[in-house]
Amino acid sequence: MATAVAQPVERENYLNKHYGALSWLFTTDHKRIALLYLGSITFFFFIGGFFALLIRLELLTPIGDLVQADTYNKLFTMHGMVMVFFFLIPSIPAVLGNFLVPLMIGAKDLAFPRVNLLSWYLYVIGGVIMLHCMLTGGVDTGWTFYTPFSTAYTNTKIVEAGIAIFIVGFSSILTGLNFVVTIHRMRAPGMTWSRLPLFIWAHYATSIVQLLGTPVVAITILLVAAERLFHLGIFDPKLGGDPLLFQHLFWFYSHPAVYIMILPSMGVVSEIISCYTRKRIFGYKFVAMSSIGIAVLGFLVWAHHMFVAGVSVYAALVFSLLSYAVGVPSAVKVFNWTATMYKGSLHYDAPMLYAFGFLGLFTIGGLTGLFLACLGIDPHVTDTYFVVAHFHYIMVGGAVMGYLGGMHFWWPKISGRLYPEGWAKLAALIVFIGFNLTFFPQFILGYVGMPRRYYQYPGEFQVLNVLSTAGATVLGVGYLLPMLYFLWSMRYGKPAPDNPWNAAGLEWKTPSPPTTFNFDEEPVVTWEAYNYEELGDFPEQEASGA
Amino acid sequence: MPDQAVSAVHAEGHDPALLHHFADAQQQRDSSSLGMWLFLATEVMFFGGLFCGYLIYRLQFFGDFGAASSSLSIKLGATNTVVLICSSLTVVLAVWAAQHAKRTLLLSSLILTIILGFVFLGIKGIEYKDKFDEHHVPGPSFSFENVKIPGQPADHYAKPNHAELYFSLYFAMTGLHALHMIIGAGIFVWITVRAWKGQFGPDYYTPVEMAGLYWHFVDIIWIYLFPLLYLIDRHP
Amino acid sequence: MSGNSEHSSFEHSSSLTTYVVIWLALLAGTALTVGAAFVDLKHFNTPLALIIATIKATLVALYFMHVKGSSEKMTKVVVISAIFFLLLLLVLSMADFGTRAWS
Chain A
1 MATAVAQPVE RENYLNKHYG ALSWLFTTDH KRIALLYLGS ITFFFFIGGF FALLIRLELL
61 TPIGDLVQAD TYNKLFTMHG MVMVFFFLIP SIPAVLGNFL VPLMIGAKDL AFPRVNLLSW
121 YLYVIGGVIM LHCMLTGGVD TGWTFYTPFS TAYTNTKIVE AGIAIFIVGF SSILTGLNFV
181 VTIHRMRAPG MTWSRLPLFI WAHYATSIVQ LLGTPVVAIT ILLVAAERLF HLGIFDPKLG
241 GDPLLFQHLF WFYSHPAVYI MILPSMGVVS EIISCYTRKR IFGYKFVAMS SIGIAVLGFL
301 VWAHHMFVAG VSVYAALVFS LLSYAVGVPS AVKVFNWTAT MYKGSLHYDA PMLYAFGFLG
361 LFTIGGLTGL FLACLGIDPH VTDTYFVVAH FHYIMVGGAV MGYLGGMHFW WPKISGRLYP
421 EGWAKLAALI VFIGFNLTFF PQFILGYVGM PRRYYQYPGE FQVLNVLSTA GATVLGVGYL
481 LPMLYFLWSM RYGKPAPDNP WNAAGLEWKT PSPPTTFNFD EEPVVTWEAY NYEELGDFPE
541 QEASGA
Chain B
1001 MPDQAVSAVH AEGHDPALLH HFADAQQQRD SSSLGMWLFL ATEVMFFGGL FCGYLIYRLQ
1061 FFGDFGAASS SLSIKLGATN TVVLICSSLT VVLAVWAAQH AKRTLLLSSL ILTIILGFVF
1121 LGIKGIEYKD KFDEHHVPGP SFSFENVKIP GQPADHYAKP NHAELYFSLY FAMTGLHALH
1181 MIIGAGIFVW ITVRAWKGQF GPDYYTPVEM AGLYWHFVDI IWIYLFPLLY LIDRHP
Chain C
2001 MSGNSEHSSF EHSSSLTTYV VIWLALLAGT ALTVGAAFVD LKHFNTPLAL IIATIKATLV
2061 ALYFMHVKGS SEKMTKVVVI SAIFFLLLLL VLSMADFGTR AWS
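Residue numbers (my numbering), protein chains in the order written: chain A, 1 to 546; chain B, 1001 to 1236; chain C, 2001 to 2103.
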């Protein structure tokens, strides 16, 4: 157990066991693979963020004066594709999930470590292809690839982008497969399903979606490529093909995909809230089941993206009703998290600040989703900035906040160092302010009629757009700070004890950082999850770092 | 709950096929099995997208699809169905042979499976060539003039564009299936090499069984493709 | 460890007779499908072909893929889930395409 020594601990752990690039590139250790992913997805986060910056710069003025219209089409397309497929979908599962799932269930590794490494290589290959695609012209269809524009009319690099996404899709499927088998087969003795951390339940549910949804978008992409390359005109209106068939197949995956992006984050929030309120999550079984509920119900609602596309009004009615239903399990979680905090012993450290941010912002995002599910409102706000704001509240205000909270919460375990708490609190605040300044004006803009995917707009919308761009700059600063101080902490941060937060969970019973095989002896679990009554409060600890 | 022997992993003389992170062979076997079944579930959804498209267009353009379908050879299609069914039998025989330590039966079943797979692909190749010769391959050279719609009066001809849609689906679905067959054949070549090296026996035959699961799945896809693509509206 | 994994009868194994019987059933089903295609059953041709195909697929799954007799309940859960989600895709898409003519 590390104490306040100046020298970092030289005990053997997964980071220092082997040195050299090859030991990383050929590793099968889930913890190293998690870090490989961390590096890769952070890289793509910068790329996606760069496109966002250009979009927001263009939108500072009502006229299209920074880029041409076609270029602007490429900007929002690439921003969407990179952020969705190369950042959000992998993020928590590939980084925190890979690192923590075996630790939390008491296993030495995932069920298929080599498949795990393959998963990362597929991600990298897909990423390289996507980079090449972007550098040689990119795609301008929107991340949604709608036909017949994507199959018959655009001259941009659809097939290449499609191949890149197909390959990272496979990466996603293999990660999901690994998690499901691991959670079923490799739990330590005594780790029953009802003792699993909610983080595990969340990743289990996410994996179901990854497994069953991704193949459908994979075949859809192949069909688009086949139409462009081999004239297999399955979506070609000239042959009788229906553009809506594409949309049905595309959204069958892409709606559940948003649950891939949010469920892991919800798992993180459960872990953080219970630790920083020193209480078991209220209604554990309900929260666990709601993850499964979201995963299943999430497959039933996809055509709410198509209300104005030409689906029959009867289908629209059915999907609208189902879309209201899918809000229920999410609401269950929000209520249970709130109930957990009641009479809890709250600590307002950085992870908890991110969790609070998640609660508020996810709720707003989720409620605005119900606006969109309403058939009377949707035609008015669809394809406007209202939708853009809605999904950014969930994706950024929800998923990314959860990701950042999780990175902070488990940073001592991952790196063996404490992050500087003062800077972390500041960064969380900056992120929260920057986020709301960026995206709240967009609700208003959308509602008063500003369409999405346009590079110019009526002059009366400029003030709100300028606010939004200002917010984006602040948000960028907020994101940069953790990257800087996490890196700083790896060399100069205080060495972390095994359990700096006195948190519940098997991962905290390993050293910080853990050894390659996690546990010296296989743990035998005899306690319930979130046993904070036994654990007590936070350990006495000095203020860390700055 | 997996049966855990606490120090099983480093037990002296343990199974060389046992991977380090598993507690015991049973856990490894169960994990492989669940993993393969989950993969097959993803394949169901992968092909499922094509079946969805096929369902929708066939209901919309039933007559035209019937006309296009009648240009396929039932003989060749049925033969291929029989070939695959036989190959599924050889696959279960291979697994049985591994379980009962029958090396000759194992090797011959595996090789027979591969041969049958290639027979299937050969017949598919013949069918594709026929389609090419008849200008039924979608694209600039596609032509489908004056083909009667089955069951309709004499001058009801199929719309060529809908026929081209049918053939687009035909090539997409059978092409994807054939690709899976090729991959399957490759997997079985690898399994055969390992079997020849004596790596499989009653204690360890998981790869044979897993490869078999994949092969059976590809067979099941064809079991649906055959009636759906070849047998629309064939009655006089 | 090698002693432990010997079962008196393998869980994932049937007798050779069973395999041959199923094989013959599959061949018979194929013949039936082809024959039925030439009989005019009006709307019932397609459902019949699909029913026969489903019976054949079920036989392959149960006996060749050893789903029957497997003590592992996850196998059955995975199979049923896959079918369920496929049907979801097909049925809910038809909720759109099948009802367009109504409006």
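Source of the hints: derived by calculation from the structure; they are not laboratory data. Incorrect hints may appear among the rest.
What the hints assert, rightly or not - Derived CB-CB ranges, DEER-like:
1. C/Ile2055 - A/Thr338: 28 to 34 angstroms
2. C/Ala2031 - B/Phe1132: 25 to 31 angstroms
3. A/Leu321 - C/Pro2047: 27 to 33 angstroms
Claimed, not checked - Simulated crosslink set (SDA-like; lysine to any residue; CA at most 20 angstroms straight-line):
4. A/Lys279 - A/Val332
5. B/Lys1124 - C/Thr2099
6. C/Lys2073 - A/Ile292
7. C/Lys2042 - B/Val1083
8. A/Lys509 - A/Thr469
9. B/Lys1102 - B/Pro1202
10. C/Lys2076 - A/Lys509
11. A/Lys509 - A/Pro495
12. B/Lys1124 - B/Val1083
13. B/Lys1075 - C/Lys2073
14. A/Lys238 - B/Ser1143
15. B/Lys1159 - A/His231
Note that the structure is predicted; figures quoted are calculated from it, not measured. All residues carry an ideal CB built from backbone N, CA and C; glycine is no exception.
Okay, the hints, checked on the actual structure:
no.: 1; hint: C/Ile2055 - A/Thr338: 28 to 34 angstroms; result: 52 angstroms, violated
no.: 2; hint: C/Ala2031 - B/Phe1132: 25 to 31 angstroms; result: 30 angstroms, holds
no.: 3; hint: A/Leu321 - C/Pro2047: 27 to 33 angstroms; result: 29 angstroms, holds
no.: 4; hint: A/Lys279 - A/Val332; result: 18 angstroms, holds
no.: 5; hint: B/Lys1124 - C/Thr2099; result: 37 angstroms, violated
no.: 6; hint: C/Lys2073 - A/Ile292; result: 18 angstroms, holds
no.: 7; hint: C/Lys2042 - B/Val1083; result: 30 angstroms, violated
no.: 8; hint: A/Lys509 - A/Thr469; result: 45 angstroms, violated
no.: 9; hint: B/Lys1102 - B/Pro1202; result: 10 angstroms, holds
no.: 10; hint: C/Lys2076 - A/Lys509; result: 36 angstroms, violated
no.: 11; hint: A/Lys509 - A/Pro495; result: 16 angstroms, holds
no.: 12; hint: B/Lys1124 - B/Val1083; result: 12 angstroms, holds
no.: 13; hint: B/Lys1075 - C/Lys2073; result: 40 angstroms, violated
no.: 14; hint: A/Lys238 - B/Ser1143; result: 14 angstroms, holds
no.: 15; hint: B/Lys1159 - A/His231; result: 18 angstroms, holds
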